[in-house]
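Residues per chain are reported as follows:
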Amino acid sequence: DAGVIQSPRHEVTEMGQEVTLRCKPISGHNSLFWYRQTMMRGLELLIYFNNNVPIDDSGMPEDRFSAKMPNASFSTLKIQPSEPRDSAVYFCASSSRDRETQYFGPGTRLLVL
Amino acid sequence: SQQGEEDPQALSIQEGENATMNCSYKTSINNLQWYRQNSGRGLVHLILIRSNEREKHSGRLRVTLDTSKKSSSLLITASRAADTASYFCATQSGGSYIPTFGRGTSLIVHP
Chain A
18 DAGVIQSPRH
28 EVTEMGQEVT
38 LRCKPISGHN
48 SLFWYRQTMM
58 RGLELLIYFN
68 NNVPIDDSGM
78 PEDRFSAKMP
88 NASFSTLKIQ
98 PSEPRDSAVY
108 FCASSSRDRE
118 TQYFGPGTRL
128 LVL
Chain B
8 SQQGEEDPQA
18 LSIQEGENAT
28 MNCSYKTSIN
38 NLQWYRQNSG
48 RGLVHLILIR
58 SNEREKHSGR
68 LRVTLDTSKK
78 SSSLLITASR
88 AADTASYFCA
98 TQSGGSYIPT
108 FGRGTSLIVH
118 P
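Taken in sequence, the protein lines are chains A and B.
Just so we're aligned, residue 18 is where the first sequence starts under my numbering, counting upward by one.
Just so we're aligned, residue 8 is where the second sequence starts under my numbering, counting upward by one.
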C-alpha cells in the first residue's frame, strides 16, 4: 500500500509567487495534518482536518496561507504571496480513526528566493 | 511552546553501543510516541506508550514512561550506523488528537 504522497518534492520560487503543495493521504485514513519544519522552529502544526473538515487551523501563520481538503484523498496547502521566510520543509501526515499514529509523507522542500 | 523536550539535543556513539534519549513534558498525557526522521525524509512512527503503561519493547527499542516525573526514555540497544537519525517524542493530551512534538535528538552512530 502506498504511503502518504506529496508533490512536488522540491519547489524553488521567487518572492510574491503563488505556491501550491499537494498531498494524498493513505487510503482509508480520515485525519490529515499539515506541518512545517525549520531548524529555528522545529516541527509546527499548521492545520488539522478530520473527515475533510478543518478542525484546528490555529497554526496557520497568516492569511497568506490557506488549506483545502475537497475530498478524502486530496489536500492542498497554498501560499499566496510567498515570502523568503516561508522557506521550509512542509510535511503532510495522515492517521486512521484512532488518530494516534501519524504516517508522514516525504515532505516538500520549499525555497522562496 | 513544545510539550515534549528531548535531551540530549545531540548524541554521538560507536556502533554496538546503546543510545538513550529522554523526553520531558509538562502536562498530563494520554500517550507518548517516539518517531524517527532520517535526513531528508518524513517522520516514521516507532512506538507508542500509553499513560497507564510503564515500559514497552519493540525489537531493539525499549521505551519507559514515568508519569510522576513527566518523562520518557528511548533506549536503542546494540546501535547500528543505520540508526543515525533524529528522534522525536510526541504527546497527546486530553481530548485533543493533535500531537505535540519536541525538537528532537540528533543521533549519530559511527561505524
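Source of the hints: derived by calculation from the structure; they are not laboratory data.
Quick reminder that beta carbons are idealized off the backbone N, C-alpha and C, glycines included.
Mixed in with the good hints there might be a few duds.
As the list claims (entries may be wrong) - Facing chain B, according to a computed beta carbon distance under 8 Å, are these residues of chain A, among others:
| id | residue |
| --- | --- |
| 1 | E28 |
| 2 | L60 |
| 3 | N69 |
| 4 | P71 |
| 5 | E117 |
| 6 | T118 |
| 7 | P123 |
Consistency of the hints with the structure:
The closest approach between the C-beta of A/E28 and any C-beta of chain B is roughly 15 Å, which is over the 8 Å cut-off, so the hint fails. For the restraint placing A/L60 at the interface with chain B, the shortest Cβ-Cβ distance is roughly 5 Å, inside the 8 Å limit, so the hint holds. Interface restraint check: A/N69 against chain B, minimum CB-CB distance 15 Å, threshold 8 Å, status violated. Interface hint at A/P71: violated, since its Cβ lies 12 Å from the closest Cβ of chain B, which is beyond the 8 Å cut-off.
Checking A/E117 against chain B: minimum C-beta separation of about 6 Å stays under 8 Å; hint holds. For A/T118, the interface hint holds, since its Cβ comes within 8 Å of a Cβ in chain B; the closest pair sits about 5 Å apart. The interface hint given for A/P123 holds, since its Cβ lies 5 Å from the closest Cβ of chain B, which is under the 8 Å cut-off.
Violation of the numbered hints given earlier is confined to hints 1, 3 and 4; the remaining hints are satisfied by the structure.
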